[in-house]
Amino acid sequence: MLVSKNRRVTELFKKLISKFALILVIGLMILNLTTPVFAAEKNQLPFESYSYWNNYAGTENKKAVNNRPIYKVRNSIDYISMGLPDQLKQITDIFCDEEGFTYILDGGKSQIIILDKEYSLVNNIKELNNENNKISFLGAKGLYVDINGEIYIADTDNKRILVCDKNGNYIETLYLPKSKLIPESFNYKPIKLVKDSKDYLYVLSDGSYYGAILYSPDGDFLGFYGANSVKKSIGEALSTLFNKLLINNDKRAKLETTLPFQFTDLCADKKDFIYTATGNTSTKNTDIQTGQIRKLSPGGSDVLDSDSINYGDSEISVKSQDILGIDVDDNGFLYALDSTYGHIFVYDQNNNNLGVFGSGSREGIQNGSFTDAIAIAVNGDDVLVADGTLNTVSIFECTEYGTKLKEAQTLVNDGDYNGAMPLWKELYRLDKQNQLVYIGLAKSYYEQGDYEKAMDFAKRGYDKETYALAFTIIRNDFITNNFTLIVVITILLIVIIVLLIKYLKKKITIHQKIKTAISVLTHPADTFAQMKLKGGGSYIIAVIIMFLYYITNIISTKYKGFCYATSDPTSINAFLILLRSVGIVVLFSLCYWAVSTVMHGLGKIGEIFICVCYSFQPLIIANLIYVVLTNVMLPSEIAFLDLFMTIMMGYTAFILCIGLMKISDYEFGKFVGVSVLTVAGIVIVLFIGTVVFLLLQLLWNFFITVFQETYKVITFGG
Amino acid sequence: MKLKNHIIAIISIFSILLSLCGCNSNNVPINWYDFGAEYSAFSSCKVAENSRFTLEWDKDSASVSIFDKNNGKIYTTIPRNESDPITHPQVLSPIMLNCIDAETLNTNTENAITSCIKKGAFSAEKIDNGIKVTYYFENVAISVPVYYQLREDSLLVEIHPDEIGEDETLVSSISILPFFCSIDNNSEKEQNYLFVPSGSGALVYPKTIGSGITSMISEEMYGVDAQSPNYSDSVTESIRLPVYGSKNVDRGMCAIIEESADTASIVTNIGSSTYRYSSVYASFCIRGSQLSTASYMDGFVSKKTLFCQEKINNTIKIGFYPLNEDNADYNGMASAYRNYLISNKYLSKREDDTLINATIIGGVLENKSFLGVPYTGLSVLTSFDDVNLIISDLSSLNNKNINVNLMGFGDSGLDIEKPAGGVDYSSKFGSIKNINNTDKVSLYFNFDLLRFSKSGSGINKLFGITRNAIGGRNKIGYQNVAFSTASGGHYYYIRRSYIDKLSDKVFKKIKRWDIDGVSFDTLSNKSYSDYYDSKYYGKSDTTKQVTEIFSKYKSENYKVASYSANAYAAVESNIIFDVPTRSSNYQVYDEDIPFYSMVFKGYIPMAISAINLSEDYDIAFLKAVESGLGIGYTLINDYNMELISAKQNMFFSSVYQDLKNRIANDVNRYDSLFQSIANKRILNHDEIGDLHITKFENGITVYTNFGNHDINIGSVTIKAKDFFVKEDA
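In the order they appear, the protein sequences are chains F and R. Okay, so the first sequence: first residue is 0 according to numbering that gives the first Met the number 0, each after it adds one. Okay, so the second sequence: first residue is 0 according to numbering that gives the first Met the number 0, each after it adds one.
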């Protein structure tokens with residue numbers, strides 16, 4: 000009885016496992032991670048420290064690189080270490096004043112905890128004293144303390160702003176002002192607030208996409224300030240236009256309106272610039288977001304020009320990032336808190352990323368990691384992050400490296416490159432993986448007149464600007480010092496080339512087919528007509544030309560001047576270039592032949608291929624000249640290069656058109672029609688090719704899965 | 000005729016396949032639950048006695064306690080509070096089970112109080128020096144016999160998993176005496192604490208924690224199962240030593256997992272207002288598991304933990320060592336654990352301590368291109384000639400011995416490709432003979448025996464990859480710099496049974512080289528399970544396997560180096576690099592202590608992890624001074640810009656020329672103290688705020704000030720981030 004029962008269990012157990020295993024696709028090859036991967040790289044912090052490098056493509060394709068930490072966690076303080084008798088309920092905001100006092104708002108319990116510089120308890124304001132009344136601010140989400148020590152509480156649930164002193168004595172209440180500018184439906188729920196040095200008060204209201212509500216020093220409403228704008232792609236804009244023009248009112252009424260994203264936090268610097276954070280600037284989780292941070296002038300315009308800049312991580316894991324907190328220190332360094340991943344980003348005034356620290360991904364239980372990071376505040380050299388679920392405040396302190404990095408960057412931002420030089424040298428010793436170090440060294444060497452070193456470091460730090468400046472001086476110096484020599488060598492070279500050509504013409508007999516290929520450059524119409532009639536084209540020469548075109552493409556990509564590079568020359572992929580060059584030629588030849596055959600063209604596939612290949616000769620020359628020129632010209636002279644390349648491409652197209660017309664015996668009108676159809680044909684072929692490729696990939700995966708399952712059953716017994 | 004041959008061939012293939020399918024499937028021995036068992040337990044009484052203790056059995060709570068005859072102290076296995084009796088069943092349970100419902104695969108926790116003791120469903124019988132208690136968890140039909148035996152200095156608790164009776168519900172893990180090492184949440188700080196062996200070691204003081212904070216932390220012994228690690232973006236320190244404990248004023252308890260530590264997890268229950276007590280205990284894996292992810296065509300992703308059907312039948316043994324008076328603290332626990340290791344001949348005196356311990360990195364794989372054709376090639380960062388120069392430089396600094404470990408000198412450098420890096424060095428580094436290995440240099444060569452991504456060294460990917468609990472092969476991705484997601488490449492763990500073969504190949508190869516020893520970084524600090532063979536389920540047998548490999552090298556007079564070594568590797572090592580100097584830094588931990596160093600200092604040379612890569616050079620230096628450890632450096636000779644894309648996070652500050660002066664400075668600052676405390680045990684360690692005080696066996700006391708302010712002790716001022724040495728008269 001028992002045996003049979005247990006056998007049933009055993010089988011049931013096995014069946015369940017195998018049933019589940021059947022639907023496993025990823026389960027068998029689960030991708031897991033471990034830290035650290037390598038010995039001798041042990042991290043003493045509970046998080047990885049890294050910074051973002053902007054590469055050849057600028058900020059669009061930034062890359063995370065491990066660094067020496069700029070901040071380390073000192074400790075996390077909870078109600079016990081704050082010296083409070085009772086647990087906190089929900090920290091909603093944190094603020095540090097200029098004297099180093101920290102104010103923690105526990106909105107869940109209507110209390111403000113004031114800590115001194117050493118983070119010891121100074122006062123605990125539970126409710127505000129208003130003569131004999133007690134005013135509660137339960138549900139408050141934001142606070143600010145001005146230089147007079149007056150505490151402003153964004154009493155969110157009670158739709159008001161309370162003002163009190165450090166002892167909790169009530170001073171005044173600010174309600175939503177009455178103004179025609181404020182819609183009647185406006186739901187006033189203040190969540191964050193800040194004052195500038197002129198006593199203007201900026202208040203964020205939950206759910207408001209109008210921007211911050213601006214109060215004058217007298218408490219009058221001045222208007223909405225600095226709202227985000229709606230970003231639309233061209234497709235979305237066209238769709239909106241289409242809807243406006245064509246659909247009826249009923250349908251229009253049912254359409255969703257795209258509204259700007261609301262601010263999540265704001266702060267002010269010493270120069271009265273207001274910084275705003277927008278948690279999420281895209282509706283799609285997987286989108287890389289941009290423009291999450293803005294630095295607004297008193298007029299409300301963004302001086303960071305941040306619309307295209309991503310202030311968070313360049314790759315996002317699964318969940319969308321959410322910049323919930325922002326603060327700025329006395330030197331203008333900006334600290335942005337991504338609540339989703341618990342990462343804190345440090346930027347300078349020029350959008351340069353100094354480093355990233357913190358962790359948690361909403362599951363952090365270590366010091367320095369977060370479950371629900373909701374607010375950030377800077378206290379001198381410390382950065383404080385409040386966790387709304389754990390009800391703790393993590394204190395990060397700047398490392399020796401971080402202090403030096405900020406010091407050096409401050410000097411650079413102030414233009415004191417020479418002063419920053421010793422610091423950059425020391426930082427280079429401490430961390431060779433921070434882009435700012437390379438840029439800083441490049442600028443400092445440039446300032447000191449060591450242009451070669453400046454170019455070297457600028458190149459390593461992808462700093463095209465400093466590189467170009469140093470290169471200009473080196474190039475000008477070279478030309479000035481060697482002008483006579485350059486002229487003499489140039490004349491000599493010209494003379495030698497002319498003589499060499501004459502000599503070669505006399506002494507060497509060039510094969511007729513090579514002559515034909517070269518004459519395409521000068522007499523395309525006659526040459527192609529002759530080729531059609533007498534068949535002077537050569538497959539070998541065509542293939543050689545194609546190969547040369549491919550090689551020069553690689554050379555121009557790999558060896559073009561640093562200032563003109565848009566991608567890392569070491570990471571170029573010859574196969575992609577092959578597809579881009581030879582692939583296109585072959586595809587075009589095939590498609591053109593297919594279309595022209597239907598359209599009564601006389602060209603054979605071989606003739607068309609030869610024609611296309613011969614036509615690419617100008618681009619071979621252009622590529623070589625381009626490589627040379629990009630290495631001696633400056634980015635400011637790009638117009639000349641662009642013009643040159645445009646001419647060469649135009650000439651290639653001209654030869655190709657003439658050739659194809661002659662080969663196919665088309666008139667111009669018919670040729671244009673066939674060409675359009677050829678382009679359509681290319682698109683169709685690419686589409687079908689992609690579909691076939693994807694299907695093959697699926698088929699391959701299917702076979703792999705079947706193989707794995709079978710293998711597992713055979714070797715592991717199900 | 001041909002057709003006949005084909006048919007025979009096909010039938011033969013099918014027969015082989017069918018016979019193979021039969022392997023491992025129905026061969027699962029199960030000890031069935033006895034539904035008709037009679038519960039017979041004798042009354043409370045003394046069940047064993049020796050010169051120091053008596054072992055008392057309490058029938059009401061179905062638990063035992065130890066009475067110390069010398070001082071009258073009682074150590075109860077469950078907490079007792081006469082004034083305010085404890086009622087929570089989990090606190091009062093001698094054992095707890097995690098169970099799996101075989102039908103639904105759902106898991107639940109069963110405590111002994113609710114499931115058996117309150118129902119009287121347990122039996123007790125006397126055994127030599129103790130008592131065997133069988134707990135019958137009636138509602139889930141599981142019986143667990145537990146052996147309590149009194150020893151001269153401790154209580155041994157033993158469970159034989161093969162004796163566990165089961166029916167439709169199966170055991171996934173067992174927690175033993177979960178509140179034997181516990182403290183009252185309302186008791187006084189400093190006088191009471193838990194010791195958790197996380198990393199270097201951590202103390203947890205009594206507290207009741209906030210509602211949002213996680214009160215239970217479970218960490219696998221010797222790190223997470225490396226072939227199937229959990230997804231996390233936080234950097235943690237693994238548990239390296241199978242020891243934990245508690246201090247209650249003048250009573251301490253030190254628990255040492257003596258057998259089956261490989262399958263254990265250390266669970267810390269902290270500040271729960273429901274339990275009223277915080278505790279630390281060991282939980283043992285009985286059935287391996289694997290978190291499985293299933294992706295459906297509609298994009299839905301489902302996750303489920305699947306369990307291996309077969310039990311891990313290794314005997315579980317925990318020794319509980321009562322500590323008294325002056326010994327009732329973490330110093331006493333370190334001493335108890337060290338004595339345990341020495342008395343069992345696990346630990347003995349090795350090499351002399353060495354101040355300079357350098358890990359020199361040979362090379363890494365980098366993306367390169369030839370005429371635009373991309374390929375991955377080895378980039379040499381340090382050649383053997385460079386190594387020679389670095390060694391001669393370092394040796395001249397204090398004219399004493401130095402340890403040098405060559406890492407990443409295989410075909411793929413530091414990156415993971417062929418097993419053990421192809422079991423050779425790459426000719427791109429030159430010849431290893433170029434290194435002038437003098438008597439003052441201990442030269443090690445590192446091999447990664449556990450991981451690979453390409454077939455080679457006699458191990459192929461088809462059969463050489465370890466299996467998880469459901470028969471799959473886990474692909475391990477390199478961590479993205481910013482997130483815990485995979486980025487660029489992956490690797491696998493080698494079948495456990497192949498490690499020995501690989502080790503033999505290494506052994507043969509190094510005989511031709513002039514080196515003093517080998518270093519096994521991963522073998523010493525990673526453990527993993529392999530469900531190819533029941534011997535390796537749930538990380539079992541790691542201790543034995545690693546010990547045997549290390550012993551083999553030592554028997555041939557080779558030295559063996561390890562990195563962040565787990566206990567089993569540490570005791571066999573001639574030098575431990577990367578000694579843990581911090582805990583996992585959980586918010587509920589209150590203080591880090593150098594417990595790891597306290598155990599091994601004076602016996603095994605140790606070095607802190609690369610000081611040049613630490614976030615705070617001064618603090619890292621002081622950590623070395625505090626415990627008298629050697630200083631570790633990770634060095635390369637040449638830096639190139641491609642290294643910013645390297646998978647390793649160690650190149651930002653490792654160029655030797657940049658560090659040369661700093662190393663010399665470290666030696667100047669620390670050498671005389673280091674030599675005076677070399678090979679000396681730590682007698683006592685104490686922390687008073689930022690001031691850490693370490694007393695060594697030769698009477699030297701080192702005061703280290705980790706704070707940012709000067710500290711005065713009598714007439715002596717210890718500057719911020721500095722140290723002071725006092726010698727007993």
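Since the hints were derived computationally from the structure, they do not count as laboratory data. Check the hints yourself; a few may be wrong.
What the hints assert, rightly or not - Across the chosen pairs, the derived CB separations fall in these ranges:
(1) F:Ser119 <-> R:Tyr38: 44 to 50 Å
(2) F:Asp205 <-> R:Asn138: 22 to 28 Å
(3) R:Asn459 <-> F:Thr569: 30 to 36 Å
(4) R:Leu461 <-> F:Val671: 37 to 43 Å
(5) R:Leu461 <-> F:Leu578: 50 to 56 Å
(6) F:Leu575 <-> R:Asn459: 48 to 54 Å
(7) R:Thr716 <-> F:Gly218: 51 to 57 Å
(8) R:Thr113 <-> F:Leu120: 56 to 62 Å
(9) F:Gly206 <-> R:Val372: 38 to 44 Å
(10) F:Gly218 <-> R:Ile712: 54 to 60 Å
(11) F:Thr483 <-> R:Asn667: 26 to 32 Å
(12) R:Ile712 <-> F:Gly206: 57 to 63 Å
(13) F:Glu314 <-> R:Val724: 47 to 53 Å
(14) R:Asn105 <-> F:Asn186: 42 to 48 Å
Stated by the list, open to error - Think about it this way: if two alpha-carbon atoms lie no more than 27 Å apart in a straight line, the pair counts; the simulated DSSO-like pairs of lysine-lysine are:
(15) F:Lys62 <-> R:Lys474
(16) R:Lys646 <-> F:Lys458
(17) R:Lys679 <-> F:Lys125
(18) R:Lys718 <-> F:Lys403
(19) F:Lys318 <-> R:Lys302
(20) F:Lys318 <-> R:Lys718
(21) R:Lys646 <-> F:Lys62
Virtual Cβ for every residue (Gly too), placed ideally from N, Cα, C.
How the hints compare with the structure:
Between F:Ser119 and R:Tyr38 the C-beta distance comes to about 58 Å, which lies outside the given range of 44 to 50 Å. Between F:Asp205 and R:Asn138 the CB atoms are about 50 Å apart, so this pair departs from the stated range of 22 to 28 Å. For R:Asn459 paired with F:Thr569, a C-beta distance near 32 Å keeps the hint of 30 to 36 Å intact. Against the hinted window of 37 to 43 Å, the Cβ-Cβ separation of R:Leu461 and F:Val671 comes to about 58 Å, which falls outside the hint.
A hinted range of 50 to 56 Å is violated for the C-beta pair R:Leu461 and F:Leu578, which are about 33 Å apart. The hinted range of 48 to 54 Å is not satisfied by F:Leu575 and R:Asn459, whose Cβ atoms lie roughly 32 Å apart. Between R:Thr716 and F:Gly218 the C-beta distance comes to about 55 Å, which sits within the given range of 51 to 57 Å. Against the hinted window of 56 to 62 Å, the Cβ-Cβ separation of R:Thr113 and F:Leu120 comes to about 42 Å, which falls outside the hint.
Restraint check, F:Gly206 to R:Val372: a C-beta distance of roughly 56 Å breaks the suggested window 38 to 44 Å. At about 57 Å, the beta-carbon gap between F:Gly218 and R:Ile712 stays in the expected band of 54 to 60 Å. Taken as a hint, the range 26 to 32 Å is violated for the pair F:Thr483 and R:Asn667, whose Cβ atoms sit roughly 58 Å apart. Checked against the hint of 57 to 63 Å, the C-beta distance between R:Ile712 and F:Gly206 comes to roughly 59 Å, which is consistent with it.
Between F:Glu314 and R:Val724 the CB atoms are about 50 Å apart, so this pair conforms to the stated range of 47 to 53 Å. Roughly 45 Å separates the CB atoms of R:Asn105 and F:Asn186, a value that falls within the hinted 42 to 48 Å. Taken as a hint, the F:Lys62 and R:Lys474 pair is honoured in the structure, with Cα atoms around 24 Å apart against an allowance of 27 Å. Distance hint between R:Lys646 and F:Lys458 is fulfilled; the C-alpha atoms sit about 23 Å from each other, no more than 27 Å.
About 55 Å separates the Cα atoms of R:Lys679 and F:Lys125, which puts this hinted pair outside 27 Å; it is violated. For the given pair, R:Lys718 sits about 22 Å from F:Lys403 by alpha-carbon distance, which is consistent with the 27 Å threshold. Between the alpha carbons of F:Lys318 and R:Lys302 the distance comes to roughly 17 Å, so the proposed pair stays at or under 27 Å and holds. Proposed proximity of F:Lys318 and R:Lys718 is contradicted: the alpha carbons are some 47 Å apart, above 27 Å.
A distance of roughly 13 Å separates the Cα atoms of R:Lys646 and F:Lys62; the hinted pair therefore holds under the 27 Å criterion.
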